[in-house]
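J.: Those sequence lines, one after another, are chains H and E.
Take any residue in the first sequence, note its place counting from 1, add 2, and you have its number in our numbering.
Take any residue in the second sequence, note its place counting from 1, add 9, and you have its number in our numbering.
It is worth saying that the hints were derived from the structure and are not from the lab.
The structure presented is a predicted model; accordingly, all values stated were derived computationally and were not measured.
Certain hints may be false.
[As the list claims (entries may be wrong)] Computed cross-link-like contacts, DSBU-like style, restricted to lysine-lysine with a CA-CA straight-line distance of at most 30 angstroms:
no.	chain 1	residue 1	chain 2	residue 2
1	H	Lys-32	E	Lys-300
2	H	Lys-194	H	Lys-223
3	H	Lys-180	E	Lys-15
4	H	Lys-61	E	Lys-300
5	E	Lys-306	H	Lys-113
6	E	Lys-300	H	Lys-118
7	H	Lys-113	E	Lys-225
8	E	Lys-306	H	Lys-118
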Amino acid sequence: MTQGLEMRSVSKFYNAGSERITALDRVSVKVEPGEFVAVVGPSGSGKTTFLSIAGALLKPSEGEVILNGQNIAALPDRQLSDIRLREIGFIMQASNLVPYLNVLDQLLVVKRMAGKVASADRAFAAELLADLGLDKRMKNYPEELSGGEKQRVAIARALMNDPNVILADEPTASLDTKRAHEVVSLIARAVKTRRKAAIMVTHDERLLSYCDKVYRMEDGKLSLMESVPVHQIH
Amino acid sequence: MFLALKEMRHSRTRFVMIGIILVLVSWLVFILSGLGNGLADLAASTFKNMNADYVVYQKGSKASMSKSLLSGGLKAELLTMPDVEAASPMGIIMGSAVRESGDPEENKVDIALVGIEPGSFLEPAVTEGTGLDAGEPNLAIVNETMKDEGFELGDTIVLDGAPASLTIVGFVKNQTYNHVPSVFIPIETWRQLAFAAPGSDKGLKDPVNAIMLQGKNIDPDAVSQRLPGTETVTRGQAIQGIAGYKEETGTIFMMLGFLFVISAFIVGVFFYVFTMQKSNQFGIMKAIGAKNGFLGKAVISQVFVLSLISIAVGILLTFGTAAVLPKGMPFKLETNWVVAYSLVLLAIALLSSLVSVRTIVKIDPLKALGRVES
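Chain E extracted, bound-state conformation:
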């Protein structure tokens, strides 16, 4: 630490410069991770926050709500199976809504209409207003981001292309699907909207997209076997099955991966070149008795201090950025991820500094002598 800090203080400019690059890299890593989280939430928060463990889909639907069609009647049979504690059907269609205000130019909003059984474990808790009522088919609870679009409790939403209108009785938090706010309605109402066209229900009785199950010990294979024509997946797999979800998060993770590799090379190459420049100096120190460990430790502590400070500054800048980002931006910083990525960045920096340590080990202390003659 002694050599490391003395040198950093003495050669401030070059360490500040490399530090700035590391700050930018870590800043970008945290912003990307925030964006990735935000986007993933926007795409799937209704599923992520759903109080279910397994999802039963139609076979061949690849865990996608939009591809799957089942009879709601399967619920009764599922409930008889071992380890199934609760079962409830769900259906989702995309739609657009407009507030009934008498203004013909009122803005439309995209929504996901989520049909559930009122009072079931699939109904999220409201943060404002009241919940759904099984006896009232036209009540809806909606994600609170719709407030930003001007919707209020008691407002009536008119659905585009359907004769139905819904009344907002409650707001829920963190409920979005496919990047748009979720609107929860009773499953019967949903059925009327989803299968308005004759024959679109394929003749199924009480058609739904999927049936959600509660029960930690459910064996998905047993369920699939018992009910031919179905496939049962975990909630995590169901999230992966949401259209575009994998591609979106995959893109973000790929960028993060590249950033990690880039940061490894930045740190590795910088310290390698720096070490090469100082090889004579290291030779002298070895000649007067410095061990490889002593010099190696100096380089590693420099990398450690530099990375730690840079990452800390990167985190501060990221929180600053989060504060000024527009509200609608899908940006969500999670402390766990910030900590995890910080540790990854730090570990990568330390690992890449080992190249320099190896260089130091190879430096021959003989370099220090006889330079007049050479």
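Bound-form chain H, shown alone:
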């Protein structure tokens, strides 16, 4: 059984008028548990489409998406939302927390989506938050947090359901360099210690040193970049 996430020859086409646009062109990639992969590329290259398909938000036109040995490419919407809930942790941009929930509830709501909140879940949420240095902020609302803190909450939320795959969509957008490094190093640490398969889509080339592999996306094609200096900054 394949652990982690694998995409086999995945393509996505859109019809725009009479033209057929190829957003993803036979993309294949494999991310093992404990592996942190970055995808870089210019705007419009297909990064978002790639992440949407990896994250079970969008169905590919062709190819297979294998999550934990299960091909999720053709599942119905209802099951996809279950997959997202149980198998995938999303880290989105800074503003993507629920404004009326405090930090602890941001995590617990994920459990609510799946059913009930047990006391073990509360303990796990508290542990995650403590791990990310947020133990003093548990009762604060998003509006009272800094950009870096919000992203740390987002990381904790992504880990809450103990998913196999972590997907990060521009997690450092609107953060300064110091905060950006802090956030990405926290993601990297969580990926290593918790053995998650992680993909980060980013513009920010300063942060690639935290990643095990870097892929470049261009015109829907994904290619491995060989020349990235790994773990240089540490």
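With chain H fixed as given, assemble chain E onto it according to the hints.
T.: Chain E only, in chain H's frame:
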């Protein structure tokens, strides 16, 4: 419920504001229903509280006492018909009365003079004093609201435009007709007052307006067939036939109907706009795995909690209003109706929230991703 309550606590102002509108709407609904009940009672309580099942009118009178004229002699024939357990004639004329006090400037009151057979099933039970007496033509039992006009037991009422005077021997409760208190008198006395003008009885023997029947299984068509020139209706139809009754209650019901539609739109539009504003947020939650049901339930529980609280406050305000309304105001709250209208309001609110649920279902979780590029 979790999301719903957290959000309501966090965005208190906007929920309080919409809640206030709902409170006002429900308050108005309950006040209108109270007024409607009060008015309907004032117009027809003598009929509503009458211990009869069917009413025999003259054909063509459209179930209206004032249009109908029959011979009281029909009673005997009606009593021979199957399922007719009892029959008794009734006549009503409007009039005005003044208390005999020797004061020439004494206030007049409008009354409905209701002629009945003393001791029949049409005679309401007195709450004070004694009932009518077949041997005493000038005794009357009157609705207790006349006490507010200064009438007491033993007082003599002089009728305007007629040489007769009546003595109040008893008070009855909830007996009004055509918005004025009912004054029950023996049918013979009534006949003398109603047909004082020669020829006004159209030559009928013992003329009355209608004959009331008791008997649950009476077939009104059979009665009408057996007695040509008559039409038999249920007591409910007879109430509808009272002049102005349908128009009055119709107006109130129309206003209530509008209020229900308005409340549907208030709730529907508010939550729709609110949902649209939050569509990005819903997108994110869907992206991290929330199902439509989870988010839809949040909206519906918000509508439920908000409506429930607003309606409850509306009911409290209505009872408060009822307590301070002037006594003469026709206002009567009936628990059944308050409960029914509350449920209608609640159901309407929940139904209109389905628009928002549909909006949520349509929100694409893809919204959550790639916003940097867009």
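J.: Now tell me if each hint is right for this structure.
T.: Verification of the hints:
no.	hint	result
1	Lys-32/H / Lys-300/E	28 angstroms, holds
2	Lys-194/H / Lys-223/H	28 angstroms, holds
3	Lys-180/H / Lys-15/E	34 angstroms, violated
4	Lys-61/H / Lys-300/E	17 angstroms, holds
5	Lys-306/E / Lys-113/H	16 angstroms, holds
6	Lys-300/E / Lys-118/H	15 angstroms, holds
7	Lys-113/H / Lys-225/E	62 angstroms, violated
8	Lys-306/E / Lys-118/H	15 angstroms, holds
Consistency note: the structure conflicts with the earlier hints numbered 3, 7.
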